[in-house]
Amino acid sequence: MTDYEMILTERRGDVLGITLNRPERLNAAPPQMFDEIRDALDALGDARAVLLLGAGRGFCSGADVSASAARDGEPGDATYKALSDHYHPTIQAIADLPVPVVSAVQGAAAGIGCSLALAADFCIAGESAYFLQAFVNIGLVADGGASWMLPRLIGRGRAMEMLLLGERIKAERALEWGLAYRLVPNDVLENEAWMFADRLARGPTVAMGLMRQQVAYGMSHSLAETMEREAENQRAARRTADATEGGAAFLQKRDAEFKGA
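Numbering (this note's numbering), first residue to last: 1336 to 1596.
Please note that the accuracy of each hint is not assured.
Claimed, not checked - Cβ-Cβ distance ranges computed for the label pairs, FRET-style: (1) P1433 <-> E1527: 23 to 33 Å; (2) L1475 <-> E1580: 45 to 55 Å; (3) R1347 <-> Y1552: 24 to 34 Å.
Please keep in mind that the hints were generated in silico from the structure rather than gathered at the bench. C-beta: ideal position from N, C-alpha, C; glycine also.
Throw the hints in and build the complete structure from the sequences for me.
Written as structure tokens, this is what we have:
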């Protein structure tokens, strides 16, 4: 695996793990960190699932643009450039992945860290986890795709509560709202997340990737357009070896052994 300055990467079986690795700063994320995440995703290879983790007590306490702001001059322009050139392309890269994505959150998932956690298909939360969009508290607006993700995940009312009040949504409430898929004790979070990601990686990941894309497509297209996309994707999925194996396993009353092909 490639050596990075701000993340760690690890391959366990068919799962690529990416760990944000600035624990002394609660994994506050400079633009470089998101560039490294994107580079690791670009080198996905034959991995069939991705797991996002944070080292130490927090998942990610938000963006750290202090260095770039000092270098690039006017703060507004520096922030725009950091979002456009670094943070947002990485969130988009996660959305475009052909495999399922899991995040494991302990402590803070704030600002861009909240967006990163929720960009995953499944978020597994430790008991210490909280999700925070605190931009309103400092006179700024949500970014990292939060304005798109939150209303779709939890509805407009709850999204506005997060965005306009800027209060922490703790783990139990996050589970109730649907921000988190599962809530587990902190001491088993990482192990549970790896096992869950492995479960996904052993599935028909070509079909899973197509479903990721068609769900995103359906959020901004009509029923008729979405059904046409489903038909196209079903045709592609039907031609995979995994579909052949799945059909055979069903007829033979056995567990399917998918290969992601």
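For each hint, the structure was consulted:
1. Under the hint 23 to 33 Å, the C-beta atoms of P1433 and E1527, about 24 Å apart, fit the expected range.
2. At about 50 Å, the beta-carbon gap between L1475 and E1580 stays in the expected band of 45 to 55 Å.
3. For R1347 and Y1552, the hinted distance range of 24 to 34 Å is satisfied, since their beta carbons lie about 31 Å from each other.
Every hint, counting from the list given before, is met by this structure.
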